[in-house]
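Asker: Take a look at the letters that make up each chain.
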Amino acid sequence: MNRWTRRINAMRVSHHIPEEMLLAYAAGSAPEAWSLLVATHLSLCAECRAAVGRTEKFGGALLEGLEPATLDDDAFDHLMRAIDNSPDVEDEARPVEKIPSVLPEPLRSYVGGDLHALKWRRLGAGAFHIPIVTKDGTAHARLLKVPAGKPVPMHGHNGEELTLVLTGSFSTYQGDFHRGDVEAADADVEHMPVAGPEEDCICLAVTDAPLRFRSLAARIVQPFIGI
Amino acid sequence: MDVNISKPFASGPYLRLVVSNPISTARRGGPEHLMEHSDEDGPSADNFVFCLQSVGTNRDRKAFRVLFDHFAPRVKTYVIKLGCTHQQAEELAQETMAKVWHKAGQFDAERAAPSTWIFRIARNLRIDAFRRERHPEFDENDPSLLPMEETPADTVIEQKQSERHLRTAMAGLPDEQMQLLHLSFFQDMSHGAIADSLGLPLGTVKSRLRLAMGKLRKIMDENEQMDTAD
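First to last, the protein sequences are chains F and P.
Under the working numbering, read the first sequence as residues 2 to 228, first letter to last.
Under the working numbering, read the second sequence as residues 46 to 275, first letter to last.
The set of hints was computed from the structure by calculation and includes no laboratory data.
There may be inaccurate statements among the hints.
Think about it this way: if two alpha-carbon atoms lie no more than 27 Å apart in a straight line, the pair counts; the simulated DSSO-like pairs of lysine-lysine are [said to hold, decoys possible]:
# : chain 1 : residue 1 : chain 2 : residue 2
1 : F       : K151      : F       : K120
2 : P       : K144      : F       : K136
3 : F       : K136      : P       : K148
Chain F residues, not near chain P, derived (Cβ > 10 Å throughout) [what the hints assert, rightly or not]:
#  : residue
4  : S15
5  : G114
6  : L119
7  : P132
8  : R143
9  : Q175
10 : E200
11 : P211
12 : A219
13 : Q223
Please read all numbers here as calculations on a predicted model, not as lab measurements.
Don't be surprised by glycine CBs; every beta carbon is placed ideally from N, CA and C.
Chain F on its own, in the form it takes in the complex:
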């Protein structure tokens, strides 16, 4: 058992994704950046996986209950001809990883590998970030790394923010957040998260509006770093 396996097995999620976000994910109405965070949390939380499973089952039942539409007359034959003319491909097999990585899927694929593959960009005050490319035009996803024991400057929110802890921990007045935990903040929340002393805290953060930093220094650099 390596260090990570031990730590992962010892982990227990205590702050979950807000239920309405699980619903939006299962229904397919959540934009991609939020869905990325939800799906990554699902890798780390069997309880939320079960909740999404229940909601998808409800989706299946809604589908069953729909009035059937009329299909084109030759729809079935058309499809079978297309199937016969295409090679019988299984889904492309992903290389099977044997060792648990720090970044679970689907996040790992989005950033192109596990921690060692990441190219961090300096954010100031010892913090780093990596913007994550999605096709979502409404919200932004990024990895954040805050040095062990250091605070993120006091800030408020113009919209909604979800933060999923991947390594280390952070604390706010709302509690302590460890690997797998999700902190939800909105316009009512102003906080100064402080990274735990044990190791650097790496998080996946999604926001749909710029943060409001209190300090002038942070506000000055804000437009350049895109937070």
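Starting from the known structure of chain F, arrange chain P on it as the hints suggest.
Answerer: Relative to chain F, chain P alone:
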């Protein structure tokens, strides 16, 4: 190439009773030993399980036809509700069924009901085609996946609950919660957009959605007990 009806099919209980007369049997509920599990008002999920397994293992075209006739028209309605044109909807229904054909071998009856499995495929294809986004999913085989600590009652028994029980119980959801669930599933609306369209504060929409999720959980738990009692 035409549908290969001359090809002998593998043996199985549904072959005599379901595939020999796909449409009427599917409507009535299928093999007699499954009748007790079938819905009075629709085809049995168990029949679709057999059909999916037969497509997966035998490339069974008759079984696929049963699935196609039932699900393709409903998938088409689903994506039309979400704003697709008739033509886009026809294509998405066909694409969904093509995926069902190709991925049937991966269908696991222990993990999902056929309608749930096909709903997921249709949902993801619609997001891909219409919003040009992806629907990120966790990977069951990822060694980083944290397993359940004990028997995952929720996930293992999930698909054992019959569609009939679920649909009956769904009718018991309060109208305002059902309306919000419909908006989430069929209108592709963010919570903010739902709040705007209903003239409600965002917080109210969220708390009603949470109530609806709690109610769904309760319904499914009760379902489970009813099914175990059957």
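Asker: Are the hints correct? Go through all of them and say.
Answerer: Here is how each hint holds up against the structure:
no., hint, in the structure
1, F/K151 x F/K120, "21 Å, holds"
2, P/K144 x F/K136, "23 Å, holds"
3, F/K136 x P/K148, "26 Å, holds"
4, S15, "13 Å, holds"
5, G114, "13 Å, holds"
6, L119, "16 Å, holds"
7, P132, "16 Å, holds"
8, R143, "15 Å, holds"
9, Q175, "17 Å, holds"
10, E200, "17 Å, holds"
11, P211, "17 Å, holds"
12, A219, "27 Å, holds"
13, Q223, "23 Å, holds"
When held up to the earlier numbered hints, the structure conflicts with none and fits them all.
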